[in-house]
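Throughout, the working numbering is defined as the position within the sequence shown, counted from one, plus 7.
Don't read these hints as lab results, they were simulated from the structure.
Keep in mind the model is a prediction, meaning the values are calculated, not measured.
For every residue, glycine included, the Cβ atom is placed at its ideal position computed from N, Cα and C.
Keep in mind that the hints are not guaranteed to be accurate.
[Said to hold, decoys possible] Computed Cβ-Cβ distance ranges for the label pairs, DEER-style: (1) 34 with 122: 30 to 38 angstroms; (2) 45 with 101: 29 to 37 angstroms; (3) 113 with 78: 15 to 23 angstroms; (4) 32 with 73: 32 to 40 angstroms.
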Amino acid sequence: MPACIPLVDLGLPEGGADRAVYRFDPAAHAKNEWTKLTGTAYSHTHACAFVVSGKLYVAGGKTEPPSKRQRGLVPSGDVEVYNEENNQWCSVPQPHMPPNNYGAVEIEGRIYFILGSFAYDS
8 MPACIPLVDL
18 GLPEGGADRA
28 VYRFDPAAHA
38 KNEWTKLTGT
48 AYSHTHACAF
58 VVSGKLYVAG
68 GKTEPPSKRQ
78 RGLVPSGDVE
88 VYNEENNQWC
98 SVPQPHMPPN
108 NYGAVEIEGR
118 IYFILGSFAY
128 DS
C-alpha cells in the first residue's frame, strides 16, 4: 500500500456525510491523479484517517442519523479498515468508545484516539 492514502472529505451540497474515499499514490506523481476506492460501509464527514501496518483506517466524525425523523448529522462511533486485497471495508468494533469527532495517531503500531472537539490548555 502506498505511503500516502488520505481520505478526501468531499461533503455533500446539503452539508451531509459521504462514503467516498480516494487514493493518491505519491510514487505515481507524474500522473497527478486520484483513484476512487470502494466507498466505506458508513457515511462519514469530519472523520480521521490513518495508516497502521499498511492498512487504511477511517474513524469517527459525523454521519447521517439512523432515523429520517432526525435532522442534521450525528456523532459517529464507526471505525472501519480497508482491505486492499478484496477492495472492501470492514467494521472494527470499538465497544468502549463513544461516538465522537475522533482524532487519531499511530505510535509504534498502536492507535491512540483523541476524543472531543476542543483543545484545552491546563
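Going down the list of hints, with the structure as the test:
| no. | hint | result |
| --- | --- | --- |
| 1 | 34 with 122: 30 to 38 angstroms | holds, 34 angstroms |
| 2 | 45 with 101: 29 to 37 angstroms | violated, 21 angstroms |
| 3 | 113 with 78: 15 to 23 angstroms | violated, 35 angstroms |
| 4 | 32 with 73: 32 to 40 angstroms | holds, 35 angstroms |
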